[in-house]
Amino acid sequence: MTYPLLSIQQVEKHFGNVSAVSGVTLDVQENEFFALLGASGSGKTTLLRMLAGFEALTAGDILLEGTSIAQLPPNRRPVNLMFQSYALFPHMNVAKNIAYGLEMDKLPKQEINAEVEKILDVVQLTQLAKRKPEQLSGGQRQRVALARALIKRPKVLLLDEPLGALDKKLRSDMQLELKRLQHEFGITFIMVTHDQEEALVMADRIAIMQDGGLLQVGTPNDIYERPQTRFAADFIGVMNFLPVTLSGDTLQAANGITITSTQTIDLPNGSAAVAAIRPERLHVDTQLDNNLAGDVVNIAYHGLDLLLHIKTTLSDKPIISRMTADVAERHCPTIGQQINLGWSAKDTRIFPA
Amino acid sequence: MKTDRRPLVLISPALLWLFGLMVVPCLLILVVAFFRRGVYGGIEYTWTLENIALVFDPLYFGIFMKSAAIAGLAAGIACVLGYAAAYAIASMPRRHQPMLLFFAVLPFWSNYLVRSYAWIVLLNREGLIANLARWIGFDGELPKMLYTEPAVVIGLIYNYLPFVILSCYAPLSRLNPEIAEASRDLGASAWTTFRRITLPRTVVGIATGFVFVFVLSIGNFVTPALLGGGQFQMIGNLVYAQFLTANDWPFGAALSMVLIIIMLGLLLLQAVITERASGGKAYTDG
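Protein chains in written order, with my numbering: chain A, 1393 to 1745; chain B, 101 to 386.
What the hints contain is simulated information worked out from the structure, not anything from laboratory work. Every value quoted in this text rests on a predicted model; they were computed, and no experiment measured them.
Chain A is faced by these chain B residues, among others (derived, beta-carbon under 7 angstroms):
| no. | residue |
| --- | --- |
| 1 | 279 |
| 2 | 281 |
| 3 | 282 |
| 4 | 284 |
| 5 | 285 |
| 6 | 286 |
| 7 | 287 |
| 8 | 288 |
| 9 | 300 |
Derived Cβ-Cβ restraints for the label pairs, each shown as a range:
| no. | chain 1 | residue 1 | chain 2 | residue 2 | range |
| --- | --- | --- | --- | --- | --- |
| 10 | A | 1464 | B | 196 | 29 to 35 angstroms |
| 11 | B | 172 | A | 1465 | 36 to 42 angstroms |
| 12 | B | 111 | A | 1433 | 46 to 52 angstroms |
From the derived model, a few chain A residues whose C-beta atoms are all more than 10 angstroms from chain B:
| no. | residue |
| --- | --- |
| 13 | 1449 |
| 14 | 1517 |
| 15 | 1739 |
Glycine included, each C-beta is placed from N, C-alpha and C at the ideal position.
Given only the sequences and the hints, what does the whole structure look like? Please build it.
Below, the structure is given as structure tokens:
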């Protein structure tokens, strides 16, 4: 029988009366880049700290290759954590910080030195080996923290908001760099993040957490295109919500406009619901299954694309439609202009109101 | 351009106070130490090095060494106890820490003499400890407790322990707990983590506490007088006696000078250690 690399089973964590994590069951496969995505207070960091061994489980079990590690202290788990604050040892230089984990494994000195040199090269810090953490930039500290955890070759590397402290440009570079290192080392990564874009770009699979529980687990494509709840639809990316009433096979929006969807929902006739459409599925001046007119009230220029805010009679909030740069060049939208939007029935998702 | 005189105005009273009541008397003592003692006490204004030489006479130098040993023992034990207490306080929930620190320094709010007398009540042959021992059924001969060297050491530790708790608490409370966690995560046991991470990051507090207790203890004359019962002298008692009973001001001044130099040397050493440990600049963990 083969086991998943890491199996989280019915894990619970209570702090007094407060439940931080409840009923989380999750398998993570070997070589996966897994993201725990949630807002602050969703329990994602608590779950990560339970995997590392810093929080005891209130109930449930954690199995690594079929063996429970729930009772092991952090120093006896073949799992390493990269802290959000990096938690570098301030009184040790870069090389000493990185060597620390291998010294704890009682490896011979030459072997440690060789390993440290190798990994310094991988993370491009060879020149800075003798520097103290306080003499490093944020990005350099981040790479020291990564090297210090990776050198132990853990079965699972846990990363707590690994890119949180970096500026935007550096962050997108490091997103790809982390993915490359994960491939190179062949180690399973579990990353905690509140940044949905980061999760979509980096992870093989994503678990959305809310109020201590798992809301949805799936590939980035699953999560983005087929959100299971209104919360997930709203949390990931940008989504337009239109209030509707169920009427037979169609959705009745305000002003007698009918919206069609290929998705069905198990609610009685006449119930309130919301139709959800992604901005990039709304096409300007294109006749499709659903059509709608509105006035442009705002244009947000992003370089790569434009986001048009369009006021319609269907919702209080303007509808957001994405226009790629080349389409925008043809259309030259202006504020106040009336615009027609069309979208396919397959792109309408329905959620209970 | 007009320079801002406000800092100067604000610091002047303190500087004058320090200069008039600290620097000037110390300089006077320094000068007196090089004069001869008058035949009927008082000072004879002829230069001599005799007083300084007398300090290093085996009799008096022995008292110096003994005082240093007692002060060192008191400081050492106070550091162990104080560090442990500070560690415990720093690992409590943040909201309880101010209250616990308040209790730790509570003895400071009562008079030093009263606190020392309390120990007489405790250690007395008919005191609380003796009575307690008898009450639980011990009927043998109790060792003499009051007016012994250990009694002096206990008194010094008791009086100065809050200093050590405060000086150790400062770096312990600033420690980023994630640094110790990182050490555990990388495979270190709790003990190794303490030895290699927590202790090096907080040794400054211990050094400060040690020097404080040592400096305050070596020159102390109240505690040895009350709890040592005049059985033996510490250097503070010797200085006291020279000025007030033997009427040998120059020798008292010479003893004081040597004591002050030792203290200043230690404080300097402590400042250097602190400077080293903090890497020469303010830096917070993480």
